[in-house]
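**Student:** Residue-level listing of the chains:
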Amino acid sequence: MDAPVNTNLLELYRTMRRIRTFEERVGELFVRGQSAGSMLHLSIGEESSAAGVCAAMKPQDTFTTHHRGHGIFLARGADPKRMMAEIGGKETGYCRGKGGSMHIADMALGHLGANAIVGGGIPAVIGAGLSSRHLKQDSVSIAFFGDGAMQQGILYESMNMASLWNLPVLFVCINNQYGMGTRIDQATRNTAFDQRAKAFGLNGAVVDGLDVEEVQAAARWLVDEARAGKPGFLSVEVYRFFGHARMDKSPYREEAEELEGRKKDPVLFARNKLIDTGIEEERILDELDKAIAAEMDATIDFAVESKAPPLGSMFKDVYAAGEPEPESVRARIDRVLARDDA
Amino acid sequence: MMTSMTYRDALRKALDDAMTDDSSIVVIGEEVGRYGGAYGVTKDLIKIHGADRLIDTPISEPAIVGTAVGAAMTGLRPVAELMYIDFLGMTMDQLANQAAKIRYMFGGQIGVPMVLRTQGGTGRSAGAQHSQSLEAWVMHTPGLRLAMPATVADAYHLLRQSLTKPDPVVFIEHKALYTRKEEIDLDADPLPWGKAAVRRQGDDLVIVTYSRQVFYALEAADALARKGIEATVIDLRTLNPLDFDTVREHVERVGKAMVVSEGVMTSGVAAELAARISEECFDFLEQPVLRVAGEDIPISVSQELESGSVPSARMIADVAARMMA
Chain V
1 MDAPVNTNLL ELYRTMRRIR TFEERVGELF VRGQSAGSML HLSIGEESSA AGVCAAMKPQ
61 DTFTTHHRGH GIFLARGADP KRMMAEIGGK ETGYCRGKGG SMHIADMALG HLGANAIVGG
121 GIPAVIGAGL SSRHLKQDSV SIAFFGDGAM QQGILYESMN MASLWNLPVL FVCINNQYGM
181 GTRIDQATRN TAFDQRAKAF GLNGAVVDGL DVEEVQAAAR WLVDEARAGK PGFLSVEVYR
241 FFGHARMDKS PYREEAEELE GRKKDPVLFA RNKLIDTGIE EERILDELDK AIAAEMDATI
301 DFAVESKAPP LGSMFKDVYA AGEPEPESVR ARIDRVLARD DA
Chain S
1 MMTSMTYRDA LRKALDDAMT DDSSIVVIGE EVGRYGGAYG VTKDLIKIHG ADRLIDTPIS
61 EPAIVGTAVG AAMTGLRPVA ELMYIDFLGM TMDQLANQAA KIRYMFGGQI GVPMVLRTQG
121 GTGRSAGAQH SQSLEAWVMH TPGLRLAMPA TVADAYHLLR QSLTKPDPVV FIEHKALYTR
181 KEEIDLDADP LPWGKAAVRR QGDDLVIVTY SRQVFYALEA ADALARKGIE ATVIDLRTLN
241 PLDFDTVREH VERVGKAMVV SEGVMTSGVA AELAARISEE CFDFLEQPVL RVAGEDIPIS
301 VSQELESGSV PSARMIADVA ARMMA
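Protein sequence lines, in the order shown, are assigned to chains V and S. Letter 292 of the first sequence, counting from 1, is numbered 292 in UniProt numbering, and no numbers are missing. Letter 64 of the second sequence, counting from 1, is numbered 64 in UniProt numbering, and no numbers are missing.
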């Protein structure tokens, strides 16, 4: 009888490779001038945080993300075509082109929204936790954010409430060492972030993001505890391989540091582990990578070929359908001038 | 059936009745449970609906509003209470960047059916950080509805209606009205949401206002009537949606208009309304629309300075009389 195959690691690898390749294609979309703006924050180097934590979630769970959240959404099961279309500001995107990279959301997958305000999406999980308990949803709500948000007050208000009310909530810090161009030790004295969570009475853990299986194990413990009413905090230590956004060439850090940081590659680490432990042959992984590349190439075509949203959709969804809509400035001016002509 | 009720009790009854009818309603805020609300609006509701639904919070205004946003997105209908509207600055990210924009940013996937109950205005010598009229901040943010009841009946009905709306409603009470009593008939059909009320009809001047200034305008109108000047007084009730049709109809009929607001004049609600009247009713206006509004200064604790810095019945009547001269 064959030894049991670690399909878990293979699946996690597949998720991480899809994230890595997707993010590379996002960069290409930008280079081709097809992205809507340059506000593109890539999560290359951080794939283990998304893959490991999402693998610990249940279908009914909800989450919010930050400005660097493509990977989390993909790990949760998003359609990369609709994601790329949204990043391109197209009608076929998740938010019909109105949200883009930093405001992508999907209620079907429990994605309560990405956020362009650092820390802005955190307190929503407190509300989702209240709903979970009040409406007996048995769901955990997870706030994903970067180390930049560790210095935002709203996080601590939220941690305090989660702990006070024993909510099914988890805070996940993806510590990529940089808030834009400011290295974490230039932003705070004590970078042992779990201590802060523990001070509020939360479960707290710090995990090296190099090994996705370790991330997953820590997340499983914390998610299970949260579901039972003991909220928690997880910091995943990774390195942001590239600049803050597409235009950022990282003038604030040395190339030597970057080269060293990029050695901490969770995708490569998982790949080598799969090969070294005999779970999968290199040849098969090459095939898998190739298939993922083809899948992600198609997302660009889909985004480029999709239509921009119709101009008339501009006034839709400010308020619910059937509620009074805003009147356009042009219509108001036209109305006033038409009266003068009469 | 007619009953005598205060503004405060009408608000309390609206919450109580709504919570009885809709089990998804929860109240979240500082001192809303055991204390019963800083102004007593939620008094004893915890005894009726329980601590799970009257949720006392730490003093964390941003997270209170953020919690309401998340709860509203996941099946509850939260009422977040902000003890004073002056704390709005604390919460503006969660209100203006999150609550107001979520439906739009997410392409209509989901709304945020929450009510942010708060109170504002002068009248209690509460000083510069507890007496402001910040409705213009809210009105300036697309995505937020804005209700500002003046009468006891509206305190009840507008709050009940707010609690059925699919979008976030900022509901601003006036701190000087809580003890105001009125005979009301709760069985009578309420005015529709988004419809202004003509509180007094006259042919000489239109006074457009809302919240406590409605009563000052009515008092002024009585004084003006003794001089033979008849004013129409329009109570807007909601600033978003804004019932401009009613304003237009009366301004076009009468030809003179004044807008009264307790908020500071510059870039305020009165400024917006005056601009709109000027644009849309220009051919019917016999003279410029005047704004009677709060001075462009902070509110003082001194009663004399406080009352002197916002419109009064006397000031409204004086300005109106000069407009008619």
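Calculated directly from the structure, the hints in this document are not laboratory data. Take these hints with a grain of salt, some might be off.
[As the list claims (entries may be wrong)] Using 25 angstroms as the maximum straight-line C-alpha spacing, the simulated DMTMM-like pairs for lysine to aspartate or glutamate come out as follows:
hint	chain 1	residue 1	chain 2	residue 2
1	S	227	S	183
2	S	165	V	325
3	S	101	V	213
[Said to hold, decoys possible] Derived list of chain V stretches under chain S, where covered just means 3 residues or more per stretch with a C-beta under 8 angstroms from a C-beta of chain S:
hint	segment
4	97-111
5	169-183
[Claimed, not checked] Here are some chain V residues the structure puts well away from chain S; computed CB gaps all over 12 angstroms:
hint	residue
6	9
7	134
8	141
9	152
10	154
11	155
12	220
13	243
14	255
15	256
16	272
17	317
18	318
19	327
20	332
21	336
Glycine included, each C-beta is placed from N, C-alpha and C at the ideal position.
**Student:** State the violated hints by number, sorted upward, taking the hints as numbered earlier in the document.
**Tutor:** 1, 3, 5, 7, 8, 9, 10, 11, 17, 18, 19, 20 and 21
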